[in-house]
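Chemist: Based on the sequences and whatever the hints tell you, model everything.
Going down the list, the sequences are from chains A and B. Take any residue in the first sequence, note its place counting from 1, add 271, and you have its number in the numbering used here. Take any residue in the second sequence, note its place counting from 1, add 271, and you have its number in the numbering used here.
Think of the hints as simulated: they come from the structure by calculation, not from any bench. Bear in mind that the values here come from a model prediction, so they are computed numbers and not experimental data. Keep in mind that the hints are not guaranteed to be accurate.
Claimed, not checked - Only some residues are given here: those of chain B computed to face chain A with a beta carbon under 10 angstroms:
1. L313
2. N354
3. I374
4. L443
5. L628
6. A635
7. L663
To be verified - In silico negatives: residues of chain A with every beta carbon more than 12 angstroms from chain B:
8. W403
9. A460
10. E473
11. R482
12. A492
13. L524
14. E556
15. Y596
16. Q653
17. L685
Claimed, not checked - The calculated label-pair distances, taken between Cβ atoms and stated as ranges, are:
18. B:P594 <-> A:E283: 36 to 42 angstroms
19. B:E322 <-> A:D467: 49 to 55 angstroms
20. A:S595 <-> B:G311: 51 to 57 angstroms
21. A:S699 <-> B:Q303: 33 to 39 angstroms
For each residue, glycine too, the CB sits at the ideal point set by N, CA and C.
There are 2 protein chains.
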Amino acid sequence: MGPEEFRAAGHELIDWIADYRARIPQLPVQAQVKPGEVAGKLPDQAPEQAEPFGQVLADLERVVAPGVTQVQHPRYFGWFPANASLASVLGDLAAGGLGALGITWQSAPALTEVEEVVVEWLRELTALPATWKGVIQDTASTACLVALLAARERATDYSEVRGGLQAEDTPLTVYTTEHAHSSVLKAVALAGFGRDNLRLIEVNPVTYAMRPEALAAAIEADVAAGRKPAAVVVNVGTTGTTAVDPLAEIGPLARRYGMWVHVDAAMAGSALLLPEMRWLIDGVEDADSLNWNPHKWLGTLGDCSLLYVADPAHLIRVMSTNPSYLRSAVDGEVTQYKDWGIPLGRRFRALKLWFQLRLDGVEAIRARLRRDLDNARWLAGQVEAAPGWRVLAPVVLQTVVLRHEPAGLDADGLNAHTLAWADAVNTSGAALVTPTLLDGVWSVRVSIGAENTERSDVEHLWRLLQHAAEAAEAG
Amino acid sequence: MGPEEFRAAGHELIDWIADYRARIPQLPVQAQVKPGEVAGKLPDQAPEQAEPFGQVLADLERVVAPGVTQVQHPRYFGWFPANASLASVLGDLAAGGLGALGITWQSAPALTEVEEVVVEWLRELTALPATWKGVIQDTASTACLVALLAARERATDYSEVRGGLQAEDTPLTVYTTEHAHSSVLKAVALAGFGRDNLRLIEVNPVTYAMRPEALAAAIEADVAAGRKPAAVVVNVGTTGTTAVDPLAEIGPLARRYGMWVHVDAAMAGSALLLPEMRWLIDGVEDADSLNWNPHKWLGTLGDCSLLYVADPAHLIRVMSTNPSYLRSAVDGEVTQYKDWGIPLGRRFRALKLWFQLRLDGVEAIRARLRRDLDNARWLAGQVEAAPGWRVLAPVVLQTVVLRHEPAGLDADGLNAHTLAWADAVNTSGAALVTPTLLDGVWSVRVSIGAENTERSDVEHLWRLLQHAAEAAEAG
Numbered sequence: 272m273g274p275e276e277f278r279a280a281g282h283e284l285i286d287w288i289a290d291y292r293a294r295i296p297q298l299p300v301q302a303q304v305k306p307g308e309v310a311g312k313l314p315d316q317a318p319e320q321a322e323p324f325g326q327v328l329a330d331l332e333r334v335v336a337p338g339v340t341q342v343q344h345p346r347y348f349g350w351f352p353a354n355a356s357l358a359s360v361l362g363d364l365a366a367g368g369l370g371a372l373g374i375t376w377q378s379a380p381a382l383t384e385v386e387e388v389v390v391e392w393l394r395e396l397t398a399l400p401a402t403w404k405g406v407i408q409d410t411a412s413t414a415c416l417v418a419l420l421a422a423r424e425r426a427t428d429y430s431e432v433r434g435g436l437q438a439e440d441t442p443l444t445v446y447t448t449e450h451a452h453s454s455v456l457k458a459v460a461l462a463g464f465g466r467d468n469l470r471l472i473e474v475n476p477v478t479y480a481m482r483p484e485a486l487a488a489a490i491e492a493d494v495a496a497g498r499k500p501a502a503v504v505v506n507v508g509t510t511g512t513t514a515v516d517p518l519a520e521i522g523p524l525a526r527r528y529g530m531w532v533h534v535d536a537a538m539a540g541s542a543l544l545l546p547e548m549r550w551l552i553d554g555v556e557d558a559d560s561l562n563w564n565p566h567k568w569l570g571t572l573g574d575c576s577l578l579y580v581a582d583p584a585h586l587i588r589v590m591s592t593n594p595s596y597l598r599s600a601v602d603g604e605v606t607q608y609k610d611w612g613i614p615l616g617r618r619f620r621a622l623k624l625w626f627q628l629r630l631d632g633v634e635a636i637r638a639r640l641r642r643d644l645d646n647a648r649w650l651a652g653q654v655e656a657a658p659g660w661r662v663l664a665p666v667v668l669q670t671v672v673l674r675h676e677p678a679g680l681d682a683d684g685l686n687a688h689t690l691a692w693a694d695a696v697n698t699s700g701a702a703l704v705t706p707t708l709l710d711g712v713w714s715v716r717v718s719i720g721a722e723n724t725e726r727s728d729v730e731h732l733w734r735l736l737q738h739a740a741e742a743a744e745a746g
Numbered sequence: 272m273g274p275e276e277f278r279a280a281g282h283e284l285i286d287w288i289a290d291y292r293a294r295i296p297q298l299p300v301q302a303q304v305k306p307g308e309v310a311g312k313l314p315d316q317a318p319e320q321a322e323p324f325g326q327v328l329a330d331l332e333r334v335v336a337p338g339v340t341q342v343q344h345p346r347y348f349g350w351f352p353a354n355a356s357l358a359s360v361l362g363d364l365a366a367g368g369l370g371a372l373g374i375t376w377q378s379a380p381a382l383t384e385v386e387e388v389v390v391e392w393l394r395e396l397t398a399l400p401a402t403w404k405g406v407i408q409d410t411a412s413t414a415c416l417v418a419l420l421a422a423r424e425r426a427t428d429y430s431e432v433r434g435g436l437q438a439e440d441t442p443l444t445v446y447t448t449e450h451a452h453s454s455v456l457k458a459v460a461l462a463g464f465g466r467d468n469l470r471l472i473e474v475n476p477v478t479y480a481m482r483p484e485a486l487a488a489a490i491e492a493d494v495a496a497g498r499k500p501a502a503v504v505v506n507v508g509t510t511g512t513t514a515v516d517p518l519a520e521i522g523p524l525a526r527r528y529g530m531w532v533h534v535d536a537a538m539a540g541s542a543l544l545l546p547e548m549r550w551l552i553d554g555v556e557d558a559d560s561l562n563w564n565p566h567k568w569l570g571t572l573g574d575c576s577l578l579y580v581a582d583p584a585h586l587i588r589v590m591s592t593n594p595s596y597l598r599s600a601v602d603g604e605v606t607q608y609k610d611w612g613i614p615l616g617r618r619f620r621a622l623k624l625w626f627q628l629r630l631d632g633v634e635a636i637r638a639r640l641r642r643d644l645d646n647a648r649w650l651a652g653q654v655e656a657a658p659g660w661r662v663l664a665p666v667v668l669q670t671v672v673l674r675h676e677p678a679g680l681d682a683d684g685l686n687a688h689t690l691a692w693a694d695a696v697n698t699s700g701a702a703l704v705t706p707t708l709l710d711g712v713w714s715v716r717v718s719i720g721a722e723n724t725e726r727s728d729v730e731h732l733w734r735l736l737q738h739a740a741e742a743a744e745a746g
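Modeler: Structure below.
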């Protein structure tokens with residue numbers, strides 16, 4: 272495809288996207304397709320001959336779009352917000368159009384330097400320590416793995432250049448809570464620590480936040496048993512209830528044992544743009560790394576996950592490579608982001624953030640975040656005031672965990688009731704919420720923060736939840 | 272930004288990209304900026320107020336574009352091809368416009384199912400075993416790490432659910448050659464094996480391919496010493512010289528020891544679309560995994576790396592998570608790609624491939640690959656016939672490794688001469704080539720395969736190389 276065909280097709284596609292985004296409020300939130308339905312509409316083989324653009328666009332409309340759950344919908348309250356702001360879509364298009372190769376500074380100096388500038392903009396906006404440095408990763412899963420690999424290597428005095436983790440005599444241990452995101456457990460497994468060396472520290476039964484005294488006891492027991500505490504993952508805004516582990520108490524404790532402190536603020540990080548929310552990471556100056564996802568609430572098209580570190584030298588020592596074919600005369604003067612993460616080749620992700628911050632402006636983004644916090648507080652108030660309904664965890668951010676608890680149901684009956692009304696809401700396509708287990712019982716998460724969700728949408732949802740619960744109760 | 276603002280700005284940006292791509296042949300290939308120059312043109316802080324789109328577009332033109340090395344240029348012969356075909360740029364734009372959340376099948380059924388269809392299209396096009404399954408990863412670096420993690424876990428009977436790699440008594444060993452990509456060494460380090468347990472097997476001094484008898488000897492020595500061979504990374508198309516390790520001999524040998532065989536065909540994989548090139552992976556049915564990058568020679572906008580595995584159950588067992596908030600009623604019937612790699616959240620990368628294959632057609636892609644192979648053979652013939660010039664490795668694919676060797680230079684003098692003329696070519700902006708160390712001596716890689724590189728561009732390059740070498744010799 273040459274530039275002129277691209278121009279013609281590109282204009283068509285831009286119009287399609289603008290029209291599509293405009294009609295999202297009329298679409299069902301949850302995709303109404305069955306397993307295999309999308310694949311069944313596609314041919315078994317790639318075409319030998321080029322097809323006209325109109326045919327591909329028609330299939331995008333007919334086959335693909337109905338197979339997408341509408342997380343941009345104003346009544347999407349599932350998982351966590353997954354905004355893909357149109358300003359950031361343009362930034363991503365600019366990146367594709369440039370077609371830059373992000374392997375070294377030399378291969379695309381602007382790719383590295385715009386990233387350096389934009390992550391520094393966001394460091395300042397979130398009031399992280401001025402000496403910290405940032406890098407864009409794909410997801411929080413990868414960022415956590417990178418942090419734990421750095422922790423592992425620091426704790427073993429960089430065993431990777433010798434016999435590796437497998438040659439170490441002293442077992443390393445890692446600490447978090449059972450409310451940590453599943454990717455934390457996965458990162459612990461992938462980094463080779465093993466489940467037996469992962470401690471899920473007791474939480475406060477009301478706030479679901481890590482109890483520092485339980486952490487201290489676990490660390491002391493491991494040290495007494497000849498193990499070496501290597502890292503603690505501090506959850507700032509858990510997936511289940513947005514619980515906030517007390518970083519200010521955990522940091523100094525971990526530091527005493529030379530442990531790596533990684534802060535998983537994947538969801539909550541966006542809130543740090545608001546000065547009144549910065550208490551979330553009180554004590555961050557004692558941490559080694561912090562990760563958050565602009566591709567959630569902030570609204571940057573995914574994938575876009577920010578990893579900040581107190582000292583990038585640890586990452587570089589663990590991750591760097593220096594083959595002859597990647598060397599250049601300026602290597603000593605520039606940042607080589609390939610040495611700050613797993614992949615060599617990196618996309619020009621900074622453009623998504625650069626476009627979004629400039630085209631939307633920080634003031635408007637802050638106002639949107641505050642709107643969502645207000646809406647969550649409003650919903651929690653309604654739920655608390657409604658007979659038979661309960662809010663199950665403190666509403667710290669924009670997520671409300673709730674349950675309808677009709678009288679006379681046993682534990683199994685309550686679970687069945689909860690899953691029934693949540694499923695009724697979701698399959699209706701009118702809104703999407705996420706069932707989750709809390710203390711072993713099903714509850715429902717309402718996570719507010721789609722870019723177009725206004726108070727009226729939350730009011731609409733609250734009516735839907737009440738009707739669905741009443742209908743389920745009536746059987 | 273709402274849909275109508277997006278529409279207006281999107282049309283402007285599409286036009287900018289079309290114009291930009293059309294003028295690439297007039298731009299210098301290597302970016303002519305100094306370290307810090309791009310960053311120095313950007314403000315220190317994010318804007319509080321939204322800026323007009325025209326201002327952002329003007330900065331894209333003024334600040335960003337000059338800071339990009341033009342790997343889409345017809346005289347880009349550096350590193351490896353890094354095509355970003357305009358059809359795939361449109362597919363990526365469609366993905367951004369859809370704004371789908373790729374965490375589970377349920378969150379975006381089409382994201383999973385289009386990926387399943389497209390990787391199966393490409394499996395058939397590359398004649399991989401019919402039972403193999405594919406998944407899109409970001410890069411070959413990550414794909415190799417994923418393969419080595421699966422190898423590690425299979426070799427330890429899934430130690431991750433017990434004490435981890437650190438609790439294993441028998442050291443695991445990994446085998447490849449010194450010509451493996453730097454990311455292989457990095458993956459070995461990150462997976463915790465340690466450098467001491469990585470064996471760089473001797474290569475054939477002419478072809479730079481692994482010597483199977485040397486591999487056998489190394490394996491036997493490790494087994495005799497009480498170590499456990501866990502994996503071999505077979506290089507099909509090395510970065511230095513596109514050397515091809517003999518998979519048909521390595522596979523059965525590795526299988527005898529229960530080792531994981533990972534084939535790194537990051538560059539060469541595109542060639543498998545040509546039936547006459549499938550000898551590259553003769554014996555692949557004995558391998559466990561194979562990775563190649565459509566984001567290189569095939570021309571799909573990065574990042575887009577295909578990992579095929581003989582049995583995805585190994586990946587799933589190592590990588591799967593199952594938190595309550597991600598469960599759905601159809602989980603047993605669908606593919607959950609989150610369990611086939613590191614990240615939970617995945618972009619809709621399949622659309623890039625889907626658009627490209629459909630809009631360009633496979634026939635035209637094959638013709639382009641054959642054109643590049645012809646051009647490489649032509650260049651090698653010219654070099655071999657020119658006095659004082661030498662081709663240093665078999666031209667198996669589209670890369671020619673060459674040197675100008677004037678009489679009377681010692682080793683240091685020859686290195687200085689090579690780096691001087693290559694640097695002269697690169698800094699001129701007229702073309703880009705990559706110096707590389709081969710047998711400890713600097714040589715120059717000419718890697719052909721930019722989408723718009725025609726024979727006339729290769730002829731032009733050959734004149735440039737000769738003039739630069741003559742000028743350097745004249746001093």
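Chemist: Confirm or reject each hint.
Modeler: Evaluation of the provided hints:
1. L313: holds (5 angstroms)
2. N354: Check passed: Cβ of N354 of chain B comes within 8 angstroms of chain A, closer than 10 angstroms.
3. I374: Status holds, d = 7 angstroms.
4. L443: Holds, about 6 angstroms.
5. L628: Cβ of L628 of chain B sits 5 angstroms from chain A, so the hint holds.
6. A635: holds (6 angstroms)
7. L663: violated (14 angstroms)
8. W403: Fine: 16 angstroms to the nearest Cβ keeps W403 of chain A off the interface.
9. A460: Check fails; 4 angstroms does not lie beyond 12 angstroms.
10. E473: Its Cβ never comes within 12 angstroms of chain B, the nearest being 19 angstroms, so this holds.
11. R482: holds (22 angstroms)
12. A492: holds (17 angstroms)
13. L524: At roughly 23 angstroms from the nearest Cβ of chain B, L524 of chain A sits farther out than 12 angstroms, so the non-interface label holds.
14. E556: Answer for E556 of chain A: holds, closest chain B Cβ roughly 22 angstroms.
15. Y596: Not fine: 4 angstroms to the nearest Cβ puts Y596 of chain A too close to chain B.
16. Q653: holds (23 angstroms)
17. L685: Consistent with the label, L685 of chain A stays out of reach of chain B, its closest Cβ about 15 angstroms off (over 12 angstroms).
18. B:P594 <-> A:E283: 36 to 42 angstroms: holds (40 angstroms)
19. B:E322 <-> A:D467: 49 to 55 angstroms: holds (53 angstroms)
20. A:S595 <-> B:G311: 51 to 57 angstroms: Violated: the Cβ-Cβ distance is about 30 angstroms, outside 51 to 57 angstroms.
21. A:S699 <-> B:Q303: 33 to 39 angstroms: Between S699 of chain A and Q303 of chain B, where Cβ atoms are some 58 angstroms apart, the hint is violated.
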